[in-house]
Amino acid sequence: MKSKNLKLVLPIIFILFILFTSCVFSGGQNLLNYGNDYLLILNSTGNNVIAYDLTFGKFIEQPISVGPSENTNYSPQQMLLSQDENYIYIINSLDNSVTKFTRNMYYIGKYVLPAGTNPYNGFIDGNYMYISGMVNGKVIKLNLVDGNYVESAQLYSVNSGIQAIASLNSNYLITVNTNFDSSSFSYSDSIIYILRKDNLEKVKEFELTSSFIGQALTNFQQIIVHEESTGIYCDIISTGSYGYSQDSGFLRIKINLSNFDIIKISSDILPLNEYFGSVSSIHNGYLYFTSNKAIYKAPINENPIGFSSGIEKNSNVNGKTDLSLIYASDDSNGDSYLVVVNAPWGTPSSFSISNLSSSFSSISFQNYIEFPGYPVSIIFRKGQ
728 MKSKNLKLVL PIIFILFILF TSCVFSGGQN LLNYGNDYLL ILNSTGNNVI
778 AYDLTFGKFI EQPISVGPSE NTNYSPQQML LSQDENYIYI INSLDNSVTK
828 FTRNMYYIGK YVLPAGTNPY NGFIDGNYMY ISGMVNGKVI KLNLVDGNYV
878 ESAQLYSVNS GIQAIASLNS NYLITVNTNF DSSSFSYSDS IIYILRKDNL
928 EKVKEFELTS SFIGQALTNF QQIIVHEEST GIYCDIISTG SYGYSQDSGF
978 LRIKINLSNF DIIKISSDIL PLNEYFGSVS SIHNGYLYFT SNKAIYKAPI
1028 NENPIGFSSG IEKNSNVNGK TDLSLIYASD DSNGDSYLVV VNAPWGTPSS
1078 FSISNLSSSF SSISFQNYIE FPGYPVSIIF RKGQ
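Be aware that the sequence shown starts at 728, since it is given in this note's numbering, and climbs by one per residue.
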């Protein structure tokens, strides 16, 4: 009888131990309910993650620090969900680190990157995270199992900096240098680099000149890779000089990986005083991206598209003029939602959620919910 009781008690003791240690190592933070859906907002100025409970329609009581110390300026830049959705990673630019959390936002640990890297964006492929170093001009391959890393050679010696980075296929990655001149506060032509994944060797460098693009587009901050039956395509989004000149727009290219030829498919430009935000989202074969004043939907395929043919526009954003982030996802019930974030500098940011109906033009973003800080990345964390 004692043996039977002991077998019953031991699992309970083990569970209590896990709960206790989780609370200790999470710093006493309010963490996420396992079964609820959450919108997670990365607040760069607050060095925390703001979690909005979509199940109950409210924020959790306290934001969650992006690292082990609540008094450190990490300058977080991007959140990444692991491929199995069990872990959340945060890339911290000023701290030169990547922090790791469980899907319920329990802090696990920190990967330390080389000083002066200024890591900006990344993507996960298997056990590795590939990260763009905006200041040092290198790509880092981080082993998520043991924390070791290797660096590419410096990709440029003047101006800065590489931001967008994406996987082309199992063998190659692509990153884009915005080519910002800090002495003149202006953007030169952006530059594409293609690197091998195994040893980070650069195999292609290509300048996105206005003669190639057909438009005077600068400051390419986003790149979306999609494989079609006819090859590898990239949709590259240009933020330009933030509306001060007409240099923000959309470029679609094809990359032939047998010889690394880059072919322009189409390009288009936004009107003056309108510029693209910093984060886009893919959902069910469409790319959703935002300008400061509107949201856009583009089919992901190999065809030429533009703002007058193929790319849909929706201006039902309640007069907001500082839209910067957009995210499309399904909740745990299978319903599709689209979130837009308005982020004016110096005043409270806000977000609005709408059902992603089949009629894109009929979607209306109302009832914006305010939150503090400056958002730079958002993800949905589904309940289980």
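Hint data in this document are derived by calculation from the structure and do not stem from the laboratory.
Predicted model only: the values in this text are computed from it and were never measured.
Where hints are given, some of them may not hold.
Dumping the calculated EDC-like pairs for lysine to aspartate or glutamate here, alpha-carbon to alpha-carbon at most 16 Å [claimed, not checked]:
#	residue 1	residue 2
1	K1047	E1001
2	K837	D811
3	K868	D925
Practice item. Provide an ascending list of the numbers of those earlier hints which the structure does not satisfy. Key: 2
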